Structures are given as C-alpha cells and as structure tokens.
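A.B. asks: Below are the chains, spelled out letter by letter.
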Amino acid sequence: MKQIDAEILKIEPVAKDIFRLTLKAPDIAEAAAPGQFVMIRPVSGFDPLLPRPFSLHDWSEKQGTIVILFRVVGKGTGILAQSRHGRKLQVVGPLGKGFDITSAESVCLVGGGIGIAPLLGLAKRLPEADAYNEIAVLLGGASGEELAPLAECLDIPGLAVRLATDDGTLGHHGVVTDLMENHMTRDRDWLVLSCGPMPMLKAVAHLCRKNGWPCQVSLESVMACGMGVCLGCAVKSPAGNGHEGYLHVCKDGPVFWESDVAW
Amino acid sequence: MKQIDAEILKIEPVAKDIFRLTLKAPDIAEAAAPGQFVMIRPVSGFDPLLPRPFSLHDWSEKQGTIVILFRVVGKGTGILAQSRHGRKLQVVGPLGKGFDITSAESVCLVGGGIGIAPLLGLAKRLPEADAYNEIAVLLGGASGEELAPLAECLDIPGLAVRLATDDGTLGHHGVVTDLMENHMTRDRDWLVLSCGPMPMLKAVAHLCRKNGWPCQVSLESVMACGMGVCLGCAVKSPAGNGHEGYLHVCKDGPVFWESDVAW
Amino acid sequence: MVRGKPDLEIKIGGLVLKNPVLTASGTFGYGREFASLVDPADLGAVVVKGISLEPRSGNPPPRIVETPCGMLNAIGLENVGVEKFVSEKLPFLRENGVCVIVNILGDSVEEYGRLAEILDNAPGIHAIEVNISCPNVKQGGVAFGLDPEAARAVTAEVRKKCSLPVIIKLSPNVTDITSIARAAEDGGADGVSLINTLQGMAIDIQTRKPRLANVIGGLSGPAIRPVALRMVWQTAKAVSVPVLGVGGITTPEDALEFLIAGASAVQIGTGNFINPRATIQVIEGIEKYLIEHDMNSIHDLIGSLNG
Amino acid sequence: MVRGKPDLEIKIGGLVLKNPVLTASGTFGYGREFASLVDPADLGAVVVKGISLEPRSGNPPPRIVETPCGMLNAIGLENVGVEKFVSEKLPFLRENGVCVIVNILGDSVEEYGRLAEILDNAPGIHAIEVNISCPNVKQGGVAFGLDPEAARAVTAEVRKKCSLPVIIKLSPNVTDITSIARAAEDGGADGVSLINTLQGMAIDIQTRKPRLANVIGGLSGPAIRPVALRMVWQTAKAVSVPVLGVGGITTPEDALEFLIAGASAVQIGTGNFINPRATIQVIEGIEKYLIEHDMNSIHDLIGSLNG
Ligand SMILES: Cc1cc2nc3c(=O)[nH]c(=O)nc-3n(C[C@H](O)[C@H](O)[C@H](O)COP(=O)(O)OP(=O)(O)OC[C@H]3O[C@@H](n4cnc5c(N)ncnc54)[C@H](O)[C@@H]3O)c2cc1C
Ligand SMILES: Cc1cc2nc3c(=O)[nH]c(=O)nc-3n(C[C@H](O)[C@H](O)[C@H](O)COP(=O)(O)OP(=O)(O)OC[C@H]3O[C@@H](n4cnc5c(N)ncnc54)[C@H](O)[C@@H]3O)c2cc1C
Ligand SMILES: Cc1cc2nc3c(=O)[nH]c(=O)nc-3n(C[C@H](O)[C@H](O)[C@H](O)COP(=O)(O)O)c2cc1C
Ligand SMILES: Cc1cc2nc3c(=O)[nH]c(=O)nc-3n(C[C@H](O)[C@H](O)[C@H](O)COP(=O)(O)O)c2cc1C
Ligand code: FES
Ligand code: FES
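Residue numbers (the numbering used here), protein chains in the order written: chain A, 1 to 263; chain B, 264 to 526; chain C, 527 to 833; chain D, 834 to 1140.
Chain A on its own, in the form it takes in the complex (with noise of 0.2 angstroms):
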C-alpha cells in the first residue's frame, strides 16, 4: 500500500456521466490486483472531506498507470470529471482483497452498470483462457444507451460479451442473471465472480446458491479510512461464520465469498 500525488495523465468522457482517469502512479499500478480499489481525494481542501473508494479498473506496471472508470453521482465524482490533466490527485492504494481467481472449470464474470469497472483488469489478468474451458461475461444495464459505452470498456479480444437490458434496447430483454440461466451449463464447474449494483448482487448470489455455484460479489459501502481503521464500512456477516457479526468492506473485501455475507 502506498500513498502517493498522482498526476492525471488522462481524462476521458465514456458516456453520460461516465469518465475514464488515467493516473500516473507505478507504485500502485506495480502491487495491484484484480478487485482491489484506491482511495483518491478529489480535493485539497476540506469539503468534500473524505477520500472516495475506486476500483482499479485497469493499470499497467510497465506504463507505470492505473485507470479508474467512474460515475459521477455527487460533489466528489463531479469534481474529479472536472479535473484537467496534470492535476495532482491523493492517492493510497491498492486497497482490500481483490477476487480469488483460483480453481474452476469456467469463469464467469457479471457485472452490472458502473459495476463493470473492475471486470477489465480482472478479465485481463485471468490465467491464459485454455486454463479455463470457458470464460463468459455477462453485463446487465437499464438501457442500451447506458449499458453499450460501459461494455465497450470490455473489449478484449476473444472475449464474447452477453448483454442483457431491463428495456430491451440491447442484447436480452431482461436482467442479467437471465442471461446466467441461459448460459452457465449445468455439465460444468463454474465460477461466477460478480460486481454492480446491491439489488443485482442479491439476485446473482442467490441464483448461485441455488445452482450450487461458488460466487464472488464485489460491494460497496460507505468508507472513511479504507484500511481497516475507522471501521465504518461494516456489512452484516452471517451469524456463526467467525466474524463477530460484521465484516468490514475495506479490508475483508471488497471482494467476498457471497456465503460471507448475510444478504
């Protein structure tokens, strides 16, 4: 972990309300793993106060960058959009327990929304593709419109990308764990490690439950500190699973078994 004044390299518009951040920041980008987030301060000032969690979206050691894909929801985000190139950000980071891309048969990644973010560097870094019999990523979004620009963010080659649409404006008309049941097929062992919105992740989580999948969900949470101190990132755990009730998304996470949480 380091703390470092990271210059922006690159700001780029994605989408509505999406920009992609480019940072020069090669401690970082050397430590990092697939799941695990920065903590970058949007201002020098105190207000806003805190420093805001990012996923690392992509980063390169040899360039000596990280890339943030963001949404922006509020002061901070919008601050960030504002930011020019060569402005100095706070960075600390790479933060928390990233996905655990051990064994399995076939992998598959679903993301939802801003919630893709992290997929890239994870899809990215999975062991060479014959390791796996398959690697499948389904993406699910409100509308074409949202959903197009974020799975563009995706385009590695050879991977095949599902999508799914609440408005049918692209791919499925449906959610995205229709797009699961279509897809994950019952002969193999799967893996399904998974990033987006809380609603989505309880749908994903409890499909996997029910089909017996081993999952991974990606969640988010309120942060001060985002190493382990201030415990406010709290999320209930299961009673009787050795975590005294709560674990902390900073520091257990971001990255959880889904049996971990209590959803």
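Note that these hints are calculated values from the structure, not bench results. Incorrect hints may appear among the rest.
To be verified - In silico lysine-lysine, DSBU-like type, Cα no more than 30 angstroms apart, as pairs:
1. Lys338/B with Lys473/B
2. Lys265/B with Lys814/C
3. Lys24/A with Lys338/B
4. Lys75/A with Lys338/B
5. Lys338/B with Lys10/A
6. Lys251/A with Lys210/A
7. Lys279/B with Lys10/A
8. Lys265/B with Lys499/B
9. Lys917/D with Lys251/A
10. Lys537/C with Lys1042/D
11. Lys265/B with Lys531/C
12. Lys2/A with Lys1121/D
13. Lys735/C with Lys851/D
14. Lys236/A with Lys1042/D
15. Lys514/B with Lys351/B
16. Lys338/B with Lys2/A
17. Lys351/B with Lys75/A
Claimed, not checked - Output of the computed footprint for chain C on chain B, the stretches with three or more beta carbons under 8 angstroms from beta carbons of chain C:
18. 264 to 276
19. 305 to 316
20. 491 to 499
Nothing here was measured: the structure is a model prediction, and the numbers come from that model. Cβ atoms here follow ideal geometry from the backbone N, Cα and C, with glycine treated the same way.
Place chains B, C and D with the ligands on chain A using the hints.
C.D. replies: What follows is chains B, C and D with the ligands alone, placed relative to chain A:
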C-alpha cells in the same frame, strides 16, 4: 447591488502570482463606480466558506464585463487562479462607497502593490483631463520586477505614471511618499486618492494631513458579508466623529476620508 | 387534478408566519441591507440584529475568522440601541410589510424586561426573540443560557412585560439543551430557537496571538449543522412549543433536515453571507419538495422523521 | 553556529514521549494497519482503538456520514476485547518498539477498574487513556464524562488499579469542560485528552430516516477544530497536568495552534483518513517551525500564547 453567476470570459497571468480576471456581469458593470468592490465565491462547496472581496479594476457597460486584478495569497485566490474560462462564479456587487471624485484643482492617485487595482477604473473615469490642472499617478513597490507589470496595468494614453521602488530597480529609489513630496507642488489644490497596503496608506495619510491635502484611502479588512450586516469589518474611527467608535469597511467604505480613520 | 400550492403557514404563539423561513439574528442586519437582492416581505420573518437598551460599539477588530466550513465571530453585540432601532430602523420594515422579530440582549433580568416593555409599545413588531447567550452580569457573568433557572427567570420577566409572542434563543454550549428549553417553556416561552453559536477559538501561529481580539468567538456555518440538528431533534421531543432550527443551514436540503427533525421553522444565518439569496431559494426548495412528495402542508413534513 | 535538532520530548506522568504527536483512538486501528505508510515507532505514541472487557460487535451500518468539513461516526465501540487485544494485537506493537497507549471503555466504574488491572500486567503498554464518553449503565445511562463526580470516580478507580500513567479523555458535550478536567485531576489523572467527538446527527431527506442506524453520532474532523482549541485553551489554564489536544488536526499549522494554546501534545484522528501520512508531516512541520522560530525545545512553544 446584484447577485449573479458570472461566467469567466478570460483569466490571464499578469505577473508572478498576479492575474487579471474578466467576468460577464452586465448588471454589475452598469451600476459600478470607481473604488467599489464585488464579493466573489471561489468554490461552490464550503471550504473556503466565505466569498472574497475584490476591487473593480475596470468594467465596460457596453460589453457587460467587469475586470478584477488579484494577487494569489491563499486558498481562495489560489483556486481562482486555477479556474478556467467558462466556469461560473457567484458574484455580488457593486458594493460599498467608492472614491468621491468631486471638485479639486488637481488629483493625485497614489498606489502600492496590488492596491493599484482600483486605480485603473478610477483613472479612466476621472472627469476629462482638462477639468483638472493635472492628474498625477504615483506608484510604489518593492522592486521593479514586482512593480513594472502592475504599472503596465495602468497604461492609459496621456497619463504620466511615476514610480518608486524600495530597492531602486525601477524609478525613484525610495517610497511613494517621496514621489508625493517631490511632485505635489504647493501652489495647487490637490485631492489625493490612495490605495495600497496599510503601512503605505498610513504614511500617505500622515503626509497629507501635514500638508493639508484632502485625502481618501481605500481600506481592506476581513469581510464575511460585504453588505453591512455582519459588522465584522470594523475599523476604529477617531472619537467624536459620530460613528460610535467603529466604521465598517464594506458599507461606510472601502474608501474613506483619511480623517475618518483612527490611524 | 390541478393541485394548489402547498400550505407553508406556521404559528408561533399567536403569530402566523406565511412560511417557515426566517433570517437569523445578526446576519441580515435590520432587513434593509439585503433589500435589493431579497424582498424581506417574502420571508416568514426577519429576525433583526440583537438590540440592547443602550447602543453598543462592539469589540475591537479582528472580529471574524474563517474556519473549515465555518466562521468565528466576536462582534461583541454592536447595535444601535433600542431607541434608535425603533425610530430609524423599524419604519422601513413596517412600511414594507415585513414580519419583524426583534432579538434582544441584556446584562440583567431587569434589562431584558425593560426592552420587552419598550418594544411592546412599538408598532410593527411581531415577536421578540431573547438571546440568552449573554453574561448575567449581576450573577457572576455566567450566561443566562447555561443555567435553567436563569433562563426561566429571563423568560418569565419578558413574558410578563409584553404581550408579543416570546421566543427564547438557546445556547448550544451546555450539557443538556433540553433542560434549558424546558425551563424556557416553564417560564412562558411561545417557542425556542436553537442553536446560537458554539464557542470556539483560533490562533495565528506566526504572531502566536488569538485571531480574534476577543480571544473567543462564536462558531457558525455548515460546520455546526450536525450539532444543531441533533439538538433540535432532542429539543422538539422535549417541549411542546414550536422549535425554530438554526445552525449551518444554506440549502433547501439542509432546511428540510431540520423540519423533518421536528423544527416548525428554520433560520438562516451565515448562509446569507455565502449566498445572499439563500433564504428565497430555501423557500422555493421546500415548496418543491412538498409538491414532489405529495404533501399539502408543511405540517405533514414537520417532525416526520421515520424511526 | 551549527544547531542541533530541537528537543521534542514531552512527559505525561512518568512517561516520556519522543515527540508530541499521537494518533487518536479509533482512527489508527491497532497500529498495524498503517504500517506500510507510517512507522508507528516514529510517533510520540499510538493510542489504540477503545478496548472493552468483552469483544463488541458495534452498531449496525450505516455507521459513518460525511458532513461539511467533518464526519459523523456511530461505530458503537466495536472492538476485539481486552483478551484478544493483549494476545493478538499488542505483540506487533511491542516488537516494533511502539509507545502504546490503550484507550479503554466500560459500562461501570468496576469495569474500568478491571480493565486497568488486566492491562497493568500486560508488557508493552505505556499508558492508559480512559474514554469517559460512555454511558454509565448502572447510574441511568448518563455518560461518565458529563458529570464531574462520575468522572472523578472512574479516574480514581483506574488510578487505584494500575501503575501506568492515566489519561482521561474528556467529552466536549458539556457546559464546563474545565470542571470535568479538574475532577479527573482530583481523581489522580496524569493528563487529560480532549476533545472526544461532538454529538451530531444527519437525516436523509428522501427516506426521512436518520443517516446513521444509531440516529446520533460523533462529529469529528476540521469542522470541530475551533471548538476543540477553545476547550484545550480553557482546560490548560484550569489544570496542572498535561493536556493532550485533539479535534480536527490535520496539518502542522493546526497542531501548532493547540500547542501554543497550552496542549503538551496533540492527537490526530480523522486527519489520518484524509491524509494517512498526516502524523509524520505534523512532526516534521513542528520541528521546522521550532527551528525557524529559534526555539530549542517544544516547551518554548507550549502555552506560549501572547495576550
Ligand atoms: C470498494 C469500492 C469501489 C468502488 N468503485 C467504483 C468505481 O470503480 N467506479 C465508480 O464510479 N464508483 C465506485 N465506487 C463508488 C464511489 O466510491 C462513489 O460513487 C463515490 O464515493 C461517490 O462520491 P461523490 O462525492 O461523488 O458522492 P457523494 O456526494 O458523497 O454522494 C452522492 C450520492 O451518491 C451516494 N453514494 C455515495 N457513495 C456511494 C457508494 N459507495 N455507493 C453508492 N452510492 C453512493 C450517496 O448516498 C449520495 O446519494 C466504489 C465504491 C467502493 C466502496
Ligand atoms: C474592499 C477590498 C478590496 C480588495 N481588492 C482586492 C483586489 O482588487 N485584488 C486583490 O488581489 N486583493 C484584494 N483584496 C484582498 C483580497 O480580498 C484577499 O487577498 C483575499 O480575500 C484573500 O483570500 P484567500 O482565500 O486567497 O486568502 P486566505 O487563505 O483567506 O488568507 C491567506 C492569507 O492572506 C491574508 N489575508 C486574507 N484576507 C486579506 C485581506 N483582505 N487583506 C490582506 N491580507 C489578507 C490572511 O490573513 C492570510 O494570511 C481586497 C480586499 C478588500 C477588503
Ligand atoms: C456575524 C454574526 C452575528 C450574530 N449576531 C447575533 C445576535 O446579535 N443575536 C443572536 O441571538 N445571535 C446572533 N448570531 C447567531 C446567529 O443568529 C445564529 O444563531 C448562528 O450563527 C448559527 O446559525 P448559522 O450557522 O446559520 O449562522 C450571530 C451570528 C453571526 C455569524
Ligand atoms: C471512526 C472513529 C472512531 C473513534 N473511536 C474512538 C474510540 O474508540 N475511543 C475514543 O476515546 N475516541 C474515539 N474516537 C474519537 C477520536 O479519538 C477523537 O477524539 C475525535 O475524533 C476528535 O478528533 P479528530 O477530529 O482529529 O478526529 C473515534 C473517532 C472516529 C472518527
Ligand atoms: S473504511 Fe475504514 S474500516 Fe473500512
Ligand atoms: S463585511 Fe459584513 S458588515 Fe462589512
């Protein structure tokens, strides 16, 4: 007095740490008078909290613009300096009582440092030169490096500007009151209009008092409201002049007759 | 269905305010200063700068310091005195149909009573707000607002000496603000307003001197809003008279928090410095919220906090 | 003339700290979490997260809310319990030569005493900081820190049960913090630290629910700094034991204000979240200031406020 969200039309560096800011503010330009000021809020958040006072350096009713000349001294001015064209700033003005440019045989404008800011708008709006026997402009600064670019801001055709620097690197080697003593011949009725750092104003006021020259000074003070309600910008006035001890820079000034100030 | 505008009217004692947005004392002068930006008659009421029996010249400068998301002030209660207020400041407000609440301050219970008496006879005053954060000079200088008994005594005296609605303005620098609020209610208050400023301090590290000539000042602005909101919520549960919420309110969202917590009205103080049109924008924002949430009346909102 | 480095050492009771910059309880975990950014052995001391007799799981989320220049927390004193602290957390600190101050909390005077006893026997602990902002469950639930008598009783009990220096951490939610500080001094405290958080609240106007599951939370961060500084100044004049200043400190300038006001040391809390290297930068900044102002020792600075 108006409150507007004024667009930044231009922001140019003038010298080290000094910037010229042009804002679209037709309602303010229309009502402005020399020596008045505006309150500008540097951020939309609350840190820094208060709007900052700046003298009107110049304005154009025709173009609907106002111009501020400012020095970066802290948080607010630092943020302003980094703002780009197109950004909107909350501006309230014009505020306060400006210079009282009524009758006099000759006028002497005396400025120091960034205190030359209001003198441009003032000089441009003095009654046609022939209403006065003479319009003298005397400026002081630490060094030529500091003073030269500021003096250039007062570049009005036909106006003779005399300079003094503490280190002698430009103009007279000495202080601006030396220039006053040298230049202000005793055979004329002079009106002195002055703006600059407090020690300079004090020296100017002292000299004027000694010589019987009526003198106005533009004062600074910490301000919260800029419109006479917080009573934060108090300056001591001499006993027995009917102001119950304190004057308020934002409402009774910022320009005062030297005799109303308890130096 | 065409809906009418939501009803914003609230009552404090016998006084009806057309909407629940007021200015906080000391931050809107005598109502005239802002007139070119805000028509003071559009506000629920204007609470004027604190008035004493005799004019006061206030503390020496520096009187204000900016702090993170807040400011400290040590104005020292500079004011023109009650006589000049009535003769020079009140007529403008009266002639313009402004609902005027006069904030008063004194050194003794008697002084508060005397002020109430004088103001009771001045036409155009709709209520009195009593600033009890002032030192009780006769009783060792502890502020009235820090002691329930002193707070009750001042309230009872003002109540006795005038027929106008009486609002007691509470100090937050106490262990239990509800005990002071209850004392004010016992003394006959028609409402309580809170909070006044939190006591604070700042030091210039170069000169190693206090940044305020008075050393200590009152902290106001967004920084104190969470404290004010907590106290308003606690107080609204503790008393049955209307509570006026004050402290760091600058936006409609801020004001809505206080109303939901149980405030019948809000006052905007430092917010006027940050955005002189804050009061008007808050009124508009509250109205919009009520419409969007299908509420016919501000009373549907007041105290509507969900468990 | 070549000058040595200024002397930054301060004393609390018998404990010598190499510099006056500490972490505030609850904001630096158990010292290990920040270790890759800050060597905890470089700090004056690490005050660990509050420890109770039994482990506590804390409040349900949401537990934190950002506010203007501040944050509210309602963690609910989640901690691993004293036993696990001693067996699992303390060894790392001890082995790395960290000066450890253990912050303790309890529901009764006896519980505080029991904790002091246990910690007194654990090697590697340099002092105890007693958080008295906790409800006194046996006495109706009012926090120990709001009542001088309860504060004195807790202090005396802890003092009796251990030989370590005892620091009492004061609550700011009181009318007169100096009376609590004096009570702690009477009870045998070797120092007082202040302030703990100010009680505050925030409401989500869309759901009309409190933003914290616990409704009320503790306000910390730059927003409260002026209040903390004022209380530190008042307390430093009122007691003769060292005062540790806490509240909104994030920069060297902030820390210098507290030292000038009379604090013998400072603690950095929320500042660690904003800038994880704040503690180290504050130490460096203080050193630089002393050199620039020709001071040989931190004691030339402490309490050097000019009238
Ligand atoms: C581990 C982790 C990884 C994340 N990765 C990404 C990412 O890659 N890209 C991205 O765009 N965002 C990501 N987020 C969310 C991001 O941190 C928030 O959107 C951001 O902090 C909002 O800051 P703001 O100042 O703009 O919003 P604020 O002004 O603080 O809040 C605006 C609104 O957004 C809501 N909000 C605030 N924080 C969150 C949150 N964490 N989740 C949902 N709603 C929130 C608030 O309740 C409020 O209604 C991640 C969060 C976590 C915890
Ligand atoms: C009526 C009036 C007209 C002004 N006109 C101009 C102008 O035309 N151009 C210009 O550059 N400045 C002008 N000023 C000064 C300007 O308002 C301040 O420089 C500005 O507010 C500083 O803001 P900041 O956030 O950058 O500094 P801060 O971060 O607030 O303060 C940084 C440092 O500057 C000092 N400082 C703050 N305010 C003042 C002040 N008013 N005077 C002197 N020192 C101060 C502080 O004490 C501190 O040491 C004027 C002030 C007044 C009252
Ligand atoms: C400059 C200033 C002057 C004030 N003067 C008074 C006053 O005369 N009487 C009073 O009761 N409160 C006075 N107050 C307190 C405010 O009315 C208000 O209670 C406090 O500032 C908190 O609200 P805010 O955060 O919205 O400003 C003053 C506040 C400020 C900032
Ligand atoms: C997340 C969090 C947890 C805290 N936990 C404790 C605690 O366990 N014991 C304690 O005495 N103070 C605790 N505090 C209070 C801080 O130690 C400190 O007194 C307070 O936050 C003010 O300082 P600051 O503004 O620098 O944060 C906590 C504060 C925060 C923000
Ligand atoms: S964000 Fe502080 S512990 Fe997780
Ligand atoms: S700045 Fe408020 S009265 Fe002058």
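A.B. asks: Against each hint, give a clear statement of whether it holds in the structure.
C.D. replies: How the hints compare with the structure:
no.: 1; hint: Lys338/B with Lys473/B; verdict: violated (40 angstroms)
no.: 2; hint: Lys265/B with Lys814/C; verdict: holds (25 angstroms)
no.: 3; hint: Lys24/A with Lys338/B; verdict: holds (26 angstroms)
no.: 4; hint: Lys75/A with Lys338/B; verdict: holds (19 angstroms)
no.: 5; hint: Lys338/B with Lys10/A; verdict: holds (26 angstroms)
no.: 6; hint: Lys251/A with Lys210/A; verdict: holds (28 angstroms)
no.: 7; hint: Lys279/B with Lys10/A; verdict: holds (28 angstroms)
no.: 8; hint: Lys265/B with Lys499/B; verdict: holds (29 angstroms)
no.: 9; hint: Lys917/D with Lys251/A; verdict: holds (19 angstroms)
no.: 10; hint: Lys537/C with Lys1042/D; verdict: holds (25 angstroms)
no.: 11; hint: Lys265/B with Lys531/C; verdict: holds (29 angstroms)
no.: 12; hint: Lys2/A with Lys1121/D; verdict: holds (25 angstroms)
no.: 13; hint: Lys735/C with Lys851/D; verdict: holds (27 angstroms)
no.: 14; hint: Lys236/A with Lys1042/D; verdict: holds (20 angstroms)
no.: 15; hint: Lys514/B with Lys351/B; verdict: holds (26 angstroms)
no.: 16; hint: Lys338/B with Lys2/A; verdict: holds (27 angstroms)
no.: 17; hint: Lys351/B with Lys75/A; verdict: holds (16 angstroms)
no.: 18; hint: 264 to 276; verdict: holds (count 3)
no.: 19; hint: 305 to 316; verdict: holds (count 6)
no.: 20; hint: 491 to 499; verdict: holds (count 9)
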